[in-house]
Amino acid sequence: MDKIIEVQNLSKRFGEFEAVGGISFDVEKGEIFSLLGPNGAGKTTTIKMLTTLIEPSSGLIHIGGINLAENKIAIRKQFGIVFQDSSLDEDLTAEENMFFHAVLYGLNRSKRQTNIETLLKFFGLWERRDELVKHFSGGMKKRLEIARALSHEPPLLFLDEPTSGLDPQNRSRLWEYLKDLNKKMNMTIFLTTHSMEEVEKVSERIVIIDHGKISAEGTPDSIKAATNSDTLEEAFLALTGRDIREDAPALTDQMRKGRLLWSGGKKR
Amino acid sequence: MNAVWALWLRQIKRYLRSRSRLIGSLGQPLLFLLALGFGFGPIFKKAGGGNYLEFLTPGIVSMGVLFTAIFSGIEIIWDRQFGFLKETLVAPVSRIYIMLGRTLGGATVAVIQGILVLTIATLAGFKWTSPLGIFPALGFMFFIAVLFTALGTGIASILEDMQGFQIIMNFLVMPIFFFSGSLFPLSGLPHFLGVLSAFNPLTYGVEGLRLSLLGGSLLRMGVDILVLFGFSSVLLFIGSWLFEKIQI
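If you're matching them up, the sequences are chains A and B in order.
Residue 453 in the working numbering sits at position 75 of the first sequence, and the numbers go up by one each step.
Residue 81 in the working numbering sits at position 46 of the second sequence, and the numbers go up by one each step.
Note that these hints are calculated values from the structure, not bench results.
Don't be surprised by glycine CBs; every beta carbon is placed ideally from N, CA and C.
Treat the hints loosely; a few may be bogus.
Said to hold, decoys possible - Computed, partial: chain A to chain B, Cβ under 10 Å:
| no. | residue |
| --- | --- |
| 1 | T430 |
| 2 | L431 |
| 3 | A452 |
| 4 | K455 |
| 5 | G484 |
Claimed, not checked - Computed Cβ-Cβ distance ranges for the label pairs, DEER-style:
| no. | chain 1 | residue 1 | chain 2 | residue 2 | range |
| --- | --- | --- | --- | --- | --- |
| 6 | B | F272 | A | H513 | 36 to 44 Å |
| 7 | B | A233 | A | S488 | 19 to 27 Å |
| 8 | B | L51 | A | G393 | 38 to 46 Å |
| 9 | B | F227 | A | G393 | 37 to 45 Å |
| 10 | B | G59 | A | S488 | 36 to 44 Å |
Just chain A, with the same shape it has in the complex (with noise of 0.2 Å):
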């Protein structure tokens, strides 16, 4: 199989805290991926430098076969992203969040309008497309964003937890959607989350991440052999302990904005 998206030796350093420590891994064209790990634990960093949004201190990503460090606009032009949090104009309609975007993405007028209504239609949205996304739920922000992240017909989408604050009806819908996608236009799925019971549904691969390092790579059903456990969450504790982390990302967090702060905005 081809390969997407290959990652070798990635690393992120704010100061001297090592976020995402050399990390090497593949994901496949077509696949379900998922990319696992407590909080703290690097995933959010590495999903920012996979999609741009923050400078590797060292490593090469190659997405689509393209070096990241070399075009990061026909990088962007590979992948759609659905981040944790809602990244829609809420003082827009539905349709304007996904106007706004195709234009971005360089869409032509005919190409828009047929993607925008069939992808309304599809996450089940035509009908309230002129309303403004701020009275829609939880659910609805979440389809749309999906919607939003698919119009310019990307080969890759990352989900970043797609499911958090989803009740189980939207989260089945969700899913419903995203392996009828995955089946259909052989679309890959990279995939964080916490909830171990949907990766063990839909993963065909798994990368878990701890303290910047991979702690485990392989199929769900090689990963609980290889630790003994009946459950991937069972086999998740084995590999990454049972220490809560909640502060590790706050901390994470609070070194990178003060180092920007006192940079004035510099990479690092």
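Here the structure of chain A is known, so what remains is to put chain B in place on it, guided by the hints.
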């Protein structure tokens, strides 16, 4: 260039939908215009300064444009906090175009605010020397708007919360406004404040607007345009550079 247009359009749509913002941002210029214009008018006249409303109006129009333009920079902080900034930063578009679209959008909104203040001042009794003055006046409003939207964007690019932005604005915007010749002639200022106001870009915007609306030296107007063009170019460059460096 489609991205520039899209981001410009987004700013306009958001502005036209926010009636509270539209009305709220008129409050302060109107208060200054009515309270100072009518309050200090008789004193100004007695001191031999002439009609204070006529002196004050270009300054208050500049104020409306300045405040609206610089606070457009706040929108980056909002967009950062509410997530939309990430959407634009992962788009396959150079950040310079994103910055340009946002700046032109913010500047257009600021010019609309300036026109509204000028309309109200005219209704309150401000007398134009010539209706043709509107054309250079619009040009000066646009220069002020671009310049300070770029400044606001640059500052907001390195800040992560509203509090930081407000502190800087209080130490920057108010001095810029007070020492620009908006409220009183700069000729009476002590030497060091006079020098300070010569480095204040708004000084040239206010003077240009005053010359446009009330008539005066074309040569002086040309100098104002050149100085504003220089300041705008530098601030657009710095703003773009800072915006380019944003990491989320």
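Status of each hint after checking the structure:
1. Look at T430/A: its Cβ gets to within about 6 Å of chain B, closer than 10 Å, so that hint holds up.
2. Using the Cβ-Cβ criterion of 10 Å, the hint placing L431/A at the interface with chain B is satisfied: the shortest such distance is roughly 5 Å.
3. The interface hint given for A452/A holds, since its Cβ lies 7 Å from the closest Cβ of chain B, which is under the 10 Å cut-off.
4. A hinted interface residue such as K455/A counts as satisfied when its beta carbon comes closer than 10 Å to some beta carbon of chain B; here the least separation is about 5 Å, so the hint holds.
5. Satisfaction of the interface hint for G484/A is found here, the shortest Cβ-Cβ separation to chain B being roughly 7 Å, below the 10 Å cut-off.
6. Distance hint check: the CB atoms of F272/B and H513/A are about 40 Å apart, consistent with the given range 36 to 44 Å.
7. For A233/B and S488/A, the hinted distance range of 19 to 27 Å is not satisfied, since their beta carbons lie about 55 Å from each other.
8. For L51/B paired with G393/A, a C-beta distance near 44 Å keeps the hint of 38 to 46 Å intact.
9. Range check, F227/B to G393/A: Cβ separation about 41 Å, and the 37 to 45 Å hint holds.
10. Roughly 40 Å separates the CB atoms of G59/B and S488/A, a value that falls within the hinted 36 to 44 Å.
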